[in-house]
Amino acid sequence: MTTTTLAPTATALRGRRLPKWAPIAIAALALALAAALVHGAGLGGWVLTLTVGALLYLTGLYAVATAVEGRRAARNRTWSALIHSAFVLAVLPLSSVIWTLVSKGAERLDGTFFGTSMNNIGPRDATGGAYHAIVGTLQQVGIAALISVPLGILAAIYIVEYGRGRFANTIRFFVDVMTGIPSIVAGLFVLAFWVLIVSPYVNDGRPGYSGFAAALALSVLMLPTVVRSTEEMLRLVPAPLREGAYALGVPKWKTILRIVLPTALPGIVTGVMLSIARAAGETAPVLLVAGGTAAINFNPFEHNQSSLALFVYSQATDSSKYAPARAWTAALTLVALVLVLTIAAKLLARRNRLGR
Amino acid sequence: MAKRIEAVGVTAYYGSFKAIEDINLAVEPKTVTALIGPSGCGKSTFLRSINRMHEVLPGARVDGKLTIDDQDIYDPDVDVTAVRRTIGMVFQRPNPFPTMSIFDNVVAGLRLNGVKKKSILAEAAERALRSANLWDEVKDRLGKPGAGLSGGQQQRLCIARTIAVEPQVVLMDEPCSALDPISTLAIEDLMFKLKDRYTIIIVTHNMQQAARVSDRTAFFSIDRTGDPGRLIEYDATQKIFSNPGVKKTEDYITGRFG
Ligand SMILES: Nc1ncnc2c1ncn2[C@@H]1O[C@H](COP(=O)(O)OP(=O)(O)O)[C@@H](O)[C@H]1O
Ligand SMILES: [Mg+2]
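Protein sequences appear in the order of chains S and H. With UniProt numbering applied, the first sequence has no gaps in its numbers, which climb one by one up to 356 at the end. With UniProt numbering applied, the second sequence has no gaps in its numbers, which climb one by one up to 258 at the end.
The set of hints was computed from the structure by calculation and includes no laboratory data. It is possible that part of the hints are untrue.
[Said to hold, decoys possible] Okay, the calculated bits of chain S under chain H, using three or more residues with CB under 8 Å as the criterion:
| hint | stretch |
| --- | --- |
| 1 | 228-241 |
| 2 | 255-265 |
[Stated by the list, open to error] Straight line, CA to CA, 25 Å or less: simulated DSS-like cross-link-like pairs of lysine-lysine:
| hint | chain 1 | residue 1 | chain 2 | residue 2 |
| --- | --- | --- | --- | --- |
| 3 | H | LYS65 | H | LYS3 |
| 4 | S | LYS104 | S | LYS321 |
| 5 | H | LYS30 | S | LYS252 |
| 6 | H | LYS193 | H | LYS30 |
| 7 | H | LYS3 | H | LYS195 |
| 8 | H | LYS247 | H | LYS3 |
| 9 | S | LYS254 | H | LYS117 |
| 10 | S | LYS254 | H | LYS30 |
| 11 | H | LYS3 | H | LYS144 |
| 12 | S | LYS252 | H | LYS117 |
| 13 | H | LYS193 | S | LYS346 |
| 14 | H | LYS247 | H | LYS30 |
| 15 | H | LYS118 | S | LYS254 |
| 16 | S | LYS254 | H | LYS116 |
| 17 | H | LYS30 | H | LYS3 |
These figures come from a predicted structure and were not determined experimentally. In this text, a Cβ means the ideal position worked out from N, Cα and C, and glycines have one as well.
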């Protein structure tokens, strides 16, 4: 009995499959057909060929697979092909950006670029560099992080661990609203509040631009990101961990500091790095409240400062034929800087955890 | 230095929901007391009100009187953290701290309460791990993460962590329900050993376990869902399992009930 009932089931489990080379053949065919179609119609262009080819491939694959393997298997194939195409579509612009940056930014990747400023560099000078802008970016983003990271983490701790009722909800709501503030508005806010009202008191009665004002504007932008991401991470820490600590007689604040925060740390670091990356790329608020300059200014509390993003903007709009190369290299530097910071932070966060 | 726990008219709420009502029972030092009863009858709630873990949840509160050696646990002048150090707790699911090594897990309670000296911590860790029957299995990998142990080992690690702060009472909320039979046996063995020094109160769904490990058994029940849980019968374990005084208890332990 068992053998007779088993045999048909066993064969029913296996179905006809397309041979391995079939999808490749279909792809080649689809491409050839697309090329013939596109060029035959006199339109030309490889983007159009690829697009038409991809569509032909998907329909062809579905049709062939339906004929050979049946509808379920065909749908599976088509969907996975679609998902892979979506992945390629998502990666294409990214790799294109990186390629453009590296290929165009390599030209001025030299000591002069990293060692000198734009002071006294005229339109006909091929030299000049972004030293002043790098200093500005590091100082402004550094100060902004010093302000917004502790503040943001504390605010998130308040919201998650202590906040109850309407007050905490109000704060959450405003943090959400702040997330959507355009950077120019943050810049205007600091311009009106800090540069025009407060800075005259510390600046002999005259309002003054400064890197610190830029840092303030950036911290306004970073704060909501830090709060929100930290909040999400803290909520992910399982309640039994907190209870385990409470049950040992550990006070609440110490539980948060020594159990909850370390557990959530990798996620918090990711959020902080996202906010830093965003701040490092901001141009408008820096232009608005730090003013920009061609010279090196190590003092973030006095006089104009530049930043890498601002440097890219000013060089990209400069009429000198040497300016675009500087802009590309500065953009590359900015991306590399954010990348290095992110990697360093992740390594640090991982060192705090135990190896598996 | 085990201590006596006494509950008089204990009623506990989650917000406006009354989860247990009018619980009266006394637990003698150096005994194992089992709390049994159908799900949702308030065993965990009662257990958590003993070491004031109940009030951790927003809106949760406890009425009535709970004493440990005649000291009121809910006295306004009492320090909650001191209560919880005196009355330790082991949870249903093992919850070792994921960022900490085995060693750090065991001494977490001491360290987070201000003990810094290395020699004291090392000594306490070894003592607690030996008491928890875990020392031989982990002594060569104390620096490895606690989360890398098996479920049964993790639970014994949590027990070690609890007794490292030298409590007088240990509460266990279904400590074996997530474990395999061998690990369960290891923990039951451990309870016999710990009984010499601690007062133990254990919630269990496993009737045989209650019969095996406990000296006295308390049977909780509810009439209908939504009603508060009550203490139906509290007596020597042998009496409860051989000759219960209340029909409801008998129905439950013979399996004729929820
Ligand atoms: N966090 C909570 N919030 C609201 N009600 C709860 C909570 N925990 C438990 N309860 C309710 O309290 C009652 C007793 O629960 P519990 O003490 O967990 O029962 P047991 O441990 O005996 O299964 C149940 O009706 C349950 O729904
Ligand atoms: Mg329970």
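Compare the structure with the hints numbered earlier in the document and write down the numbers of the violated ones, lowest to highest. Going through the list in order, the structure violates hints 5, 8, 10, 11, 13 and 14 and respects the others.
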